[in-house]
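What follows is the residue order along each chain.
Number of protein chains: 4
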Amino acid sequence: MFVGVMQKLSVTIWNEFVHERENAEVARIYPRGIHGTLADALRQRTELAVRTATLDEPDQGLPPAVLDATDVLVWWGHAAHAAVKDDLAARVQERVIAGMGLVVLHSGHESKIFMRLMGTGCHLCWREAGERERVWVVNPGHPIAAGLGDCIEIEHSEMYGEPFGIPTPEELIFISWFEGGEVFRGGATWTRGSGRIFYFSPGHEAYPIYHHPDIQRVITNGVLWARPQGRPAEVPRHVPVEQARQKITAHGPSVHDAAGHLVSPKS
Amino acid sequence: MFVGVMQKLSVTIWNEFVHERENAEVARIYPRGIHGTLADALRQRTELAVRTATLDEPDQGLPPAVLDATDVLVWWGHAAHAAVKDDLAARVQERVIAGMGLVVLHSGHESKIFMRLMGTGCHLCWREAGERERVWVVNPGHPIAAGLGDCIEIEHSEMYGEPFGIPTPEELIFISWFEGGEVFRGGATWTRGSGRIFYFSPGHEAYPIYHHPDIQRVITNGVLWARPQGRPAEVPRHVPVEQARQKITAHGPSVHDAAGHLVSPKS
Amino acid sequence: MFVGVMQKLSVTIWNEFVHERENAEVARIYPRGIHGTLADALRQRTELAVRTATLDEPDQGLPPAVLDATDVLVWWGHAAHAAVKDDLAARVQERVIAGMGLVVLHSGHESKIFMRLMGTGCHLCWREAGERERVWVVNPGHPIAAGLGDCIEIEHSEMYGEPFGIPTPEELIFISWFEGGEVFRGGATWTRGSGRIFYFSPGHEAYPIYHHPDIQRVITNGVLWARPQGRPAEVPRHVPVEQARQKITAHGPSVHDAAGHLVSPKS
Amino acid sequence: MFVGVMQKLSVTIWNEFVHERENAEVARIYPRGIHGTLADALRQRTELAVRTATLDEPDQGLPPAVLDATDVLVWWGHAAHAAVKDDLAARVQERVIAGMGLVVLHSGHESKIFMRLMGTGCHLCWREAGERERVWVVNPGHPIAAGLGDCIEIEHSEMYGEPFGIPTPEELIFISWFEGGEVFRGGATWTRGSGRIFYFSPGHEAYPIYHHPDIQRVITNGVLWARPQGRPAEVPRHVPVEQARQKITAHGPSVHDAAGHLVSPKS
Chain C
1 MFVGVMQKLS
11 VTIWNEFVHE
21 RENAEVARIY
31 PRGIHGTLAD
41 ALRQRTELAV
51 RTATLDEPDQ
61 GLPPAVLDAT
71 DVLVWWGHAA
81 HAAVKDDLAA
91 RVQERVIAGM
101 GLVVLHSGHE
111 SKIFMRLMGT
121 GCHLCWREAG
131 ERERVWVVNP
141 GHPIAAGLGD
151 CIEIEHSEMY
161 GEPFGIPTPE
171 ELIFISWFEG
181 GEVFRGGATW
191 TRGSGRIFYF
201 SPGHEAYPIY
211 HHPDIQRVIT
221 NGVLWARPQG
231 RPAEVPRHVP
241 VEQARQKITA
251 HGPSVHDAAG
261 HLVSPKS
Chain W
1 MFVGVMQKLS
11 VTIWNEFVHE
21 RENAEVARIY
31 PRGIHGTLAD
41 ALRQRTELAV
51 RTATLDEPDQ
61 GLPPAVLDAT
71 DVLVWWGHAA
81 HAAVKDDLAA
91 RVQERVIAGM
101 GLVVLHSGHE
111 SKIFMRLMGT
121 GCHLCWREAG
131 ERERVWVVNP
141 GHPIAAGLGD
151 CIEIEHSEMY
161 GEPFGIPTPE
171 ELIFISWFEG
181 GEVFRGGATW
191 TRGSGRIFYF
201 SPGHEAYPIY
211 HHPDIQRVIT
221 NGVLWARPQG
231 RPAEVPRHVP
241 VEQARQKITA
251 HGPSVHDAAG
261 HLVSPKS
Chain H
1 MFVGVMQKLS
11 VTIWNEFVHE
21 RENAEVARIY
31 PRGIHGTLAD
41 ALRQRTELAV
51 RTATLDEPDQ
61 GLPPAVLDAT
71 DVLVWWGHAA
81 HAAVKDDLAA
91 RVQERVIAGM
101 GLVVLHSGHE
111 SKIFMRLMGT
121 GCHLCWREAG
131 ERERVWVVNP
141 GHPIAAGLGD
151 CIEIEHSEMY
161 GEPFGIPTPE
171 ELIFISWFEG
181 GEVFRGGATW
191 TRGSGRIFYF
201 SPGHEAYPIY
211 HHPDIQRVIT
221 NGVLWARPQG
231 RPAEVPRHVP
241 VEQARQKITA
251 HGPSVHDAAG
261 HLVSPKS
Chain Y
1 MFVGVMQKLS
11 VTIWNEFVHE
21 RENAEVARIY
31 PRGIHGTLAD
41 ALRQRTELAV
51 RTATLDEPDQ
61 GLPPAVLDAT
71 DVLVWWGHAA
81 HAAVKDDLAA
91 RVQERVIAGM
101 GLVVLHSGHE
111 SKIFMRLMGT
121 GCHLCWREAG
131 ERERVWVVNP
141 GHPIAAGLGD
151 CIEIEHSEMY
161 GEPFGIPTPE
171 ELIFISWFEG
181 GEVFRGGATW
191 TRGSGRIFYF
201 SPGHEAYPIY
211 HHPDIQRVIT
221 NGVLWARPQG
231 RPAEVPRHVP
241 VEQARQKITA
251 HGPSVHDAAG
261 HLVSPKS
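Residue numbers (this note's numbering), protein chains in the order written: chain C, 1 to 267; chain W, 1 to 267; chain H, 1 to 267; chain Y, 1 to 267.
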C-alpha cells in the first residue's frame with residue numbers, strides 16, 4: 001500500500017440544454033438538465049473537480065479561460081448542433097490535439113467537434129421506439145469497462161445502427177444489440193494529437209438512461225481514461241541546418257528563405 | 001492464366017502549379033509542371049485513364065463533373081493551400097467518404113483536404129538542405145511497396161521530421177531516415193468512410209524527386225491501391241418502427257415526429 | 001476498357017471432413033463435404049484455380065509441395081483441431097508470414113493455426129439453438145463486402161458471442177446480431193508478416209449456411225482480398241559494418257563474432 | 001488536490017543472466033546483472049514493489065506462485081531463448097491474456113513469449129558496431145513518453161533495422177535513427193486479451209544503455225502503463241438455450257449434447 005497526493009482532474013460537462021426546457025417529458029426525467037445528472041454522478045469521485053457549461057451561457061459556456069483549464073470535456077448535443085459556433089468547435093479541436101480528453105455522448109456523434117476530429121460524416125441509422133438495448137462488453141480488459149458485468153441492459157432506448165460513419169476505432173469496447181434487429185459500435189476510442197476521445201452511444205433524452213448506475217460508471221471510467229497523459233507535440237517547427245543533430249552541409253536550390261519562410265510566389 | 005476485361009481507372013492529378021511558374025530552378029526540373037511529370041509516369045499503365053487539373057483552371061480545376069468521375073485523386077500543393085476554396089475541400093472530402101481514393105503528396109500534408117480528413121493539424125518538423133533521404137520499406141508485403149528493394153535512396157531531399165501530427169496510420173509502409181539525424185513516417189494509409197487515403201512524403205519541388213523511377217512506382221502502386229472497392233454507406237437513414245427487421249412495439253415519449261424529424265424546440 | 005492477362009490464383013480449401021461422415025444430418029446437407037460445396041462456389045470465378053484437401057489425406061492434405069503452391073488457404077475445422085500436427089500448423093504459419101492468404105471459417109477460431117497467428121486464446125461464448133443470425137455490414141467500402149446489401153439474414157445459425165478473444169482486428173467488416181440477445185465480431189481481418197487473414201464466423205455444419213449465396217459471395221470476396229500482394233521480408237539479416245549504407249566505424253565491445261554469430265556462452 | 005491510498009504494483013524483472021557472467025566487458029557494465037540495474041531504477045518509484053527472477057533459479061525463476069502474483073513482468077533475454085521451457089512461455093502467455101502487463105526489452109524480440117503473443121517471426125536486421133542511435137518520440141502525448149524531450153541520444157548502440165516482423169503496433173511511440181543509415185520501430189504497444197504489451201528496443205548488453213536516465217524513465221513509464229486495467233474475459237462459455245437473455249426456442253439438428261459438449265465423432 002502507498003499514499004499518493006494528486007492534482008484533481010478538471011472536468012467540464014457541456015450540454016446544449018434544449019430539450020430539457022422545451023419538452024415536458026424530458027424535463028421530468030432531467031429536471032436540472034442532463035448536465036446536472038451527469039455532474040452528480042461524476043462528483044461521487046473525489047479525484048474529479050466537476051463544472052457544467054451550457055449553450056446559452058456567455059461564449060456558449062466555454063470561454064477560453066474555462067476551456068484552457070479543462071482536462072476532460074464531456075459533450076452532449078442534439079437539437080442545436082448548428083448553433084455551436086465554428087470558432088468554438090475549432091478551439092475545442094485544438095485543445096484536444098494539445099492533450100485535453102473528450103467524451104462525446106449519444107447524439108453528439110453529429111456535433112461539429114466530433115465530425116471535425118473524425119474527418120468523416122459520423123452518420124448512422126436510427127429509430128426512436130423505446131426498444132430494448134443490450135450493451136455488450138467486447139473488451140473486458142479495458143479500463144472503461146472496469147466494474148461492469150457481461151453487458152448493460154437498457155429497457156427503453158433509441159436504436160442507433162450500422163453502418164456508423166467513423167474511422168476504424170483504435171479500441172472498440174462496447175457493441176450494442178437492439179430488439180428491432182440492429183447492432184452498433186456504441187463504445188469506441190480514438191486519439192487525435194495528444195488527446196484521447198471516447199464516444200459512448202446510450203443516452204437518448206426521452207429515457208432515463210443517465211440515471212442507470214452502469215451508464216454512470218462507464219462515463220466516469222471514460223473521463224478518467226481520457227485524462228491528459230503526455231505533452232503536446234511542438235510542431236510545426238523549422239530546424240535550421242546548423243541545428244541539425246548530425247552535421248550536414250546544405251545543397252541545392254531553395255524555395256524558402258534562411259528563416260524557413262516560403263518565398264512568396266508572385267501571384 | 002485467364003483473360004479479364006476491365007473498366008479503366010479514372011485518375012485526376014491535381015497540382016497548385018505555382019512554383020513551377022514562379023521559380024526558375026523548379027521550372028527547369030518540371031517544365032510542364034509536377035502534374036505533367038506525374039501524368040507521364042502514370043500513363044505507362046494501360047489500366048489508368050489519367051487527366052490533370054490545376055488551381056488556375058475554372059472551378060479550381062475540379063468542377064463537380066470532373067470530381068464525380070474521378071476514381072482516384074492525386075493531390076500536390078504547397079504555397080497555395082489557403083487559396084483552395086473551403087467548398088472544394090468539402091466536396092473532395094465528401095467524395096472520399098463515398099469511396100474515391102486519395103493520394104496526398106509531400107507538402108499536401110497541410111492541405112485543407114488532408115487536414116479535414118485526418119481531424120488533426122498534420123504539422124511536422126522540417127529543413128530544406130538538400131540532404132540525403134533513405135525511404136525504408138517497413139511493410140514489404142503491402143501492395144504499395146511492390147517492386148521495391150529494401151529502401152529508396154534520394155540524394156537530395158527536404159527533411160520532414162517527427163512528431164508528425166497525424167492519427168495513427170492504419171498501415172505504415174515507409175519510414176524515412178535523414179542525413180541530419182531525423183526520422184519520418186513518410187508513407188502511410190487510412191480509410192475514411194468508403195475511401196482509401198495514401199500519404200507519401202518525398203517530393204520537394206526544388207529537387208527532381210518525381211523523376212526517380214522508384215518514387216514513380218510507389219505513386220503508381222498507391223493509385224492502384226486506392227481505387228474504390230465497395231460501396232458508400234447509405235446513412236443517415238431513419239428506420240421506421242414498422243420496417244424493423246424484428247417485430248417490435250414502440251414505447252415511451254418521443255422527441256421526433258412519425259417521419260423521424262426532430263420536433264423543433266421553440267427557441 | 002482494357003484487357004489484362006493474369007495468373008490464376010491458386011486456392012486450397014482444407015476441411016477436417018469429420019462430421020459430414022459421422023453425422024447423418026450433416027451428411028445430408030454436405031454430401032461431398034463442406035469443402036465440396038465451397039469448391040463449387042469458388043469455381044464460379046474463372047480467376048481461381050481451386051483444389052481441396054482433407055485431414056485424412058497423406059500429410060494431412062497439405063504436403064509441402066501443395067502448401068508452397070497455394071496462394072490462399074481456406075480452413076474449416078471443429079472436432080479434430082487437436083489432430084492437426086503442430087508441425088503442419090507451424091508450416092502454415094510460416095507460409096502466411098511469407099505472404100500466403102488465409103481464410104478461417106466458423107469453428108476454425110480455435111484451430112491451432114488461427115490461435116498461433118493471433119497470439120491469443122480466440123475463445124468465445126456460444127449456443128447451438130438454430131436461432132436467427134443477422135450479419136450486418138459495418139464497412140460497406142471494404143472489398144469483402146462488395147455486392148452485399150445492408151445485412152445477411154441466416155434463418156438458423158449457431159450463436160457465437162462476445163467477448164471474442166482476438167487481438168483488435170485491423171478491419172472489422174461484419175458484426176452479427178443473434179435472436180437470443182448476443183452480438184459478435186464475425187468478419188474481421190489482420191495481417192501477419194506479408195500475409196492477409198480473414199476470419200468469417202457463419203458456417204455451423206448442422207445448418208446449410210454454405211449454400212447461402214451471400215455467404216458464398218463473402219468467402220469468394222475474402223479469397224480474392226487475401227491474395228499475396230507484395231513480397232516477404234528478408235529477415236533476420238545481419239548487416240556487416242562495411243555494408244552499412246552510411247560509412248561508420250565500429251566501436252566498443254562485442255558479444256558477436258565477425259560473421260554476426262552470438263559468441264556462445266560457456267553454459 | 002486529493003489523497004489516495006493505493007495497492008502497490010507488483011513488478012517482476014526476469015533476466016536470463018548469461019552474458020553478465022560469461023563476458024568480462026558485460027560484467028563490468030552490469031556487475032549485479034541487467035536485472036539488478038533495472039530493479040534499482042524501478043525502485044525509485046514508491047508505488048512499485050519490485051522483485052527479480054533469473055533463468056537459473058528453480059522453475060526458471062517464475063514458479064506459478066510468483067507469476068500469478070505479478071502485475072507487470074519485464075523480460076530480458078538473448079543467448080538463452082531456447083532454454084526457456086515451452087511450458088513457461090505458455091504460462092506467461094496465459095497470464096498476459098488474463099491481464100498481466102509485459103514489457104519486453106531489446107533482444108527479447110525473439111523470445112518465445114514475445115513471438116507467441118505476436119503470432120509472427122519478430123525478426124529484424126541488425127549490426128553491432130557501437131554506432132549512434134537516436135530514439136525519436138513520435139507520440140509525445142503517450143504516457144510512456146512522459147518526461148522526455150524530442151529524442152533520446154544513445155552514443156553507442158547496436159543497430160536494429162527494418163523490416164521488423166511484428167504485427168502493426170496499436171500504438172507506435174518511438175522510432176530509432178541509426179548512424180549507419182537505418183530506422184527502426186523501437187517502441188510499440190499491443191494488447192493481447194486483457195493484457196498490455198510494450199516492446200522497447202534499446203539495451204544491448206555490451207553498452208551501458210540501461211544506466212541512461214531517459215531509458216530508465218521509459219521503462220518505468222512502460223511498467224506503469226502496462227498495469228492491469230480491467231478484468232479477464234470469461235470465455236470459452238456455453239450459454240444454454242434457457243439462459244439466453246432473449247427468450248428463444250431451439251430448432252434443428254445438433255452436433256452437441258445438452259451440456260454443450262461436442263458429440264465425439266466415431267473416429
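Note that these hints are calculated values from the structure, not bench results. Be careful, since some hints might not be right.
Pairs involving identical chains hold if they fit within one copy or between any two copies, as the list cannot separate such chains.
[What the hints assert, rightly or not] Below, simulated SDA-like cross-link-like pairs (lysine to any residue); rule was C-alpha separation at most 20 Å, straight line:
1) LYS112 / LEU262
2) LYS85 / LEU55
3) LYS8 / LEU262
4) LYS247 / LEU88
5) LYS8 / PRO143
6) LYS247 / ASP40
7) LYS247 / GLU234
8) LYS85 / LEU67
9) LYS8 / GLU47
10) LYS247 / ASP87
11) LYS85 / LEU48
Computed from a predicted structure; not experimentally measured.
Hint check:
| no. | hint | result |
| --- | --- | --- |
| 1 | LYS112 / LEU262 | between (32 Å within a copy, 18 Å between copies) |
| 2 | LYS85 / LEU55 | within (10 Å within a copy, 30 Å between copies) |
| 3 | LYS8 / LEU262 | neither (44 Å within a copy, 39 Å between copies) |
| 4 | LYS247 / LEU88 | neither (44 Å within a copy, 43 Å between copies) |
| 5 | LYS8 / PRO143 | both (19 Å within a copy, 18 Å between copies) |
| 6 | LYS247 / ASP40 | neither (58 Å within a copy, 36 Å between copies) |
| 7 | LYS247 / GLU234 | neither (23 Å within a copy, 32 Å between copies) |
| 8 | LYS85 / LEU67 | within (15 Å within a copy, 30 Å between copies) |
| 9 | LYS8 / GLU47 | both (5 Å within a copy, 19 Å between copies) |
| 10 | LYS247 / ASP87 | neither (43 Å within a copy, 45 Å between copies) |
| 11 | LYS85 / LEU48 | neither (28 Å within a copy, 43 Å between copies) |
Of the numbered hints listed earlier, those contradicted by the structure are 3, 4, 6, 7, 10 and 11.
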